[in-house]
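Chains as they are written, first to last, in UniProt numbering: chain A, 1 to 393; chain B, 1 to 94.
Please keep in mind that the hints were generated in silico from the structure rather than gathered at the bench.
Keep in mind that a hint or two might mislead.
Here are the in silico distance ranges between beta carbons for each label pair [claimed, not checked]:
no., chain 1, residue 1, chain 2, residue 2, range
1, A, Asp204, B, Lys42, 42 to 50 Å
2, B, Trp31, A, Trp89, 31 to 39 Å
3, B, Val92, A, Trp89, 44 to 52 Å
Keep in mind it's a predicted model, so treat the numbers as computed, not measured.
Built from N, CA and C at the ideal position, the CB exists for glycine as well.
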Amino acid sequence: MSSKVALTGNEALAQAMRQINPDVVAAYPITPQTAMVQTFSQFVADGEVDTEYVTVESEHSAMSATVGASAAGSRAMTATAANGLALMWEILYIASGTRLPIVMPVVNRALSGPINIHCDHSDAMGARDSGWIQLYAENAQEAYDNAIQAIRISEHKDVLLPTMVNLDGFITSHAVESLEILADEDVKEFVGEYQPENYLLNADNPIAIGPLDLQDFYFEHKMQQAVAMGDAKQVILDIAKEYKELTAREYGFFESYKLDDAEVAIVALNSTAGTAKAAVNNLREAGVKAGLLKIRVYRPFPAEEIADALKDIKAVAVLDRAESFSTNGGPVFADIRSVLYDIKANVEVVDYIYGLGGRDIKVEEIESIFNDLQEIIKTGQVENRITHFGVRQ
Amino acid sequence: MVKPGDGYKDIPIGGLILDAGNAKEYKTGGWRTKKPILDKEKCINCHLCWAFCPDISILSEDGVVSDQIDYDHCKGCGICANECPVNAIEMVKE
Numbered sequence: 001m002s003s004k005v006a007l008t009g010n011e012a013l014a015q016a017m018r019q020i021n022p023d024v025v026a027a028y029p030i031t032p033q034t035a036m037v038q039t040f041s042q043f044v045a046d047g048e049v050d051t052e053y054v055t056v057e058s059e060h061s062a063m064s065a066t067v068g069a070s071a072a073g074s075r076a077m078t079a080t081a082a083n084g085l086a087l088m089w090e091i092l093y094i095a096s097g098t099r100l101p102i103v104m105p106v107v108n109r110a111l112s113g114p115i116n117i118h119c120d121h122s123d124a125m126g127a128r129d130s131g132w133i134q135l136y137a138e139n140a141q142e143a144y145d146n147a148i149q150a151i152r153i154s155e156h157k158d159v160l161l162p163t164m165v166n167l168d169g170f171i172t173s174h175a176v177e178s179l180e181i182l183a184d185e186d187v188k189e190f191v192g193e194y195q196p197e198n199y200l201l202n203a204d205n206p207i208a209i210g211p212l213d214l215q216d217f218y219f220e221h222k223m224q225q226a227v228a229m230g231d232a233k234q235v236i237l238d239i240a241k242e243y244k245e246l247t248a249r250e251y252g253f254f255e256s257y258k259l260d261d262a263e264v265a266i267v268a269l270n271s272t273a274g275t276a277k278a279a280v281n282n283l284r285e286a287g288v289k290a291g292l293l294k295i296r297v298y299r300p301f302p303a304e305e306i307a308d309a310l311k312d313i314k315a316v317a318v319l320d321r322a323e324s325f326s327t328n329g330g331p332v333f334a335d336i337r338s339v340l341y342d343i344k345a346n347v348e349v350v351d352y353i354y355g356l357g358g359r360d361i362k363v364e365e366i367e368s369i370f371n372d373l374q375e376i377i378k379t380g381q382v383e384n385r386i387t388h389f390g391v392r393q
Numbered sequence: 001m002v003k004p005g006d007g008y009k010d011i012p013i014g015g016l017i018l019d020a021g022n023a024k025e026y027k028t029g030g031w032r033t034k035k036p037i038l039d040k041e042k043c044i045n046c047h048l049c050w051a052f053c054p055d056i057s058i059l060s061e062d063g064v065v066s067d068q069i070d071y072d073h074c075k076g077c078g079i080c081a082n083e084c085p086v087n088a089i090e091m092v093k094e
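Isolated chain B, as found in the complex (with noise of 0.2 Å):
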């Protein structure tokens, strides 16, 4: 696995990324200017957010959306927010 600092010598030749499935240790959540915040009193779990996520951020557990969001990914975009047909999702200021 690369990481951030490392030398030409330790890296993969042209730009390659052998490991599979990495882009989860990539952690975007740092992009965020505003978080999505899931009230579940409001939430009617159609899963809308869940579809609509880029990032697959908004977990779902035994068919239940859950309000714990992955925030190491979500880069709040707020397109769980824009879909919710219930205003269940409120885009906070970080």
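Next comes chain A alone, as it looks inside the complex (with noise of 0.2 Å):
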């Protein structure tokens, strides 16, 4: 039985690796995301866990007995947000590419400088490239609920790779929501035991993790994991379709909000998607054919997927929370724009970047954007290609 309560994003998701009952936690405290490690370590004081936790004093500390855990057998978890994600940068490719299956929140907040402790992705999507699958959410329920279901994608046989469960700092790690909350039970049953298949504390079997791998493998090691990425896709969507049974909620690569038959629409992750609805619903309702692509799985990214989704609208907005500093965009603009290059799609595609260091969107905002979408339909000319949305002159 699911019970119905009312928790903060880092409650909810401390509840997760609770029923998750990792073997081992090694793990930092950085805002946003501290209050979910320590809620957590109260658990373990409490002894509701069986789990080894392991107070660290960096997060690449946190990565790298995350990986030495995972590494010796064990299910490892930890969680990190900005800065400390920074910190990891070095073992965060080590995790991924030794194809270890760990499972991170990460509480995304702004890269500093100059410091700022609010909402947005420049943490995440500055890791887009490292190898970790990465999953986003819209509020607390959904990202209870992918860090449950990256359990068992990063632990399945064809994937092995380490999930990142991403949730917007403050907006959805700091604020009461309503959502459900499997059984303690179900959990357990549904991510199973973690049966490595090699790993270093088997004594009936020694091997070597870590090795040198220079000009004459290391390039098939990479080409392993580009193909694990790719089968990650099959993996995610079983997974996706057994956790539908236990929870009747559905899960996909995004969700596509009203999209059928639009005409004009936003691309968005996290917390942003939220608004953008109110948005598409208020103008639905005095007749623009307003629709929503919300991004769930980012990395691998669902090219083929996206692009049919996008096919027939004809002026698409993408949101990125993330200044990339390319001049030609933020990363989910420059992903989105290039599938659509590929089909030869008869769509044009800007970029709104947007919410920089925590500053709100809010649904007139948005509505704004996509009245920018109806101007390009009407008169055929783009007049920005991208827009650092809200920012003064």
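Relying on the hints, combine the two individually framed chains into one complex.
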């Protein structure tokens, strides 16, 4: 039996971690993730989990200890945000390159400097090419559901890649929402026992992990990762299907919201998708065929599926909550525009870099973006390919 | 056992080495520019070369240092010659 509870996003993720009951958690607190590992450490202190909790001196150490624990053969988790993720950078690649199925909630926050503790996606977007699967969540419920599914996705024998479970800093991590928490025994059964094939503490089958890998084989190992990332797509769908049987909640690569007959559409990640839905509803009432594509799985990037979903839209605005400083738009924009090029779709795509450092985006502001899209359709002209939305002149 | 030239579908993922003790299969003798020659006439059987060799290439049988050096693995570092108290080991250009 699941139960309806009111929790912050951080508390919801701490509950997910309690129910997953990992063998090892090595974590370092950082705003806005702190409450997650703090709450979880209380579960450890109260004996509610069997987890060995490693208090470390930095995020570099947190990820290193998690890698060590995972390589040893245990189910290992950590969590972080922003500069903490940045400090993990080196070890992120070691985790994915060593094919360790670590699951890590990332509470998305702006990277310093100037120092800022509020929501944007510059942390996770910077790590988008680190070989980690990346899941994004509109709200606490989705973040909770993603965390539980991520264990199965990462540990699947066709995948064996780590997963970042992203949620928006403060907006999702600190707001109290009503959500459904599964029964402990249901999560236990769903995630199952972690049974690694090769691990360091198996005395019957001694192996070496992390040896030097030079010109002769490194490339082949990167190819294996690329193949696993591709194979993860089917695994993600299969596990979502299984999860739906348990919860009746449906997950895929993305959510199409009123997209089928839409002429103008927005692509967004995380909590802004909720705001965008309200804008879509208002515009639909006013007779505008507006829609939303909310990306859940950003890595692997569901290119063909997104292309198919957007192919009949006339104008698309991508909302990027990160500035890549490429001078050619944000990271999501680059990916979306690329897939539409492949199918030679007759659709204009524009980029709105927004909300950096936690600046709010409001329903009426998203409506104004839809108005811009309608103007593009009407005139056939794109005045601004890339807009830094709401920034003061 | 992974062999040179194996494709990505045939090798363990993540660079794992699944065969224990396989370093013996990896022949490093080709790295050598000079090779140690042990003069048994001078050797006092102190075993310092045997103890210092980082590649276990100085062999000892029944408590006696052998002049049959493992050239499949000796990298020619010269530590043995440097440590020998009676200069019984000479490094000779390959």
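Against the structure, the hints come out as follows:
Checked against the hint of 42 to 50 Å, the C-beta distance between A/Asp204 and B/Lys42 comes to roughly 47 Å, which is consistent with it. The hinted range of 31 to 39 Å is satisfied by B/Trp31 and A/Trp89, whose Cβ atoms lie roughly 34 Å apart. For the hinted restraint 44 to 52 Å between B/Val92 and A/Trp89, the CB-CB distance of approximately 48 Å keeps it satisfied.
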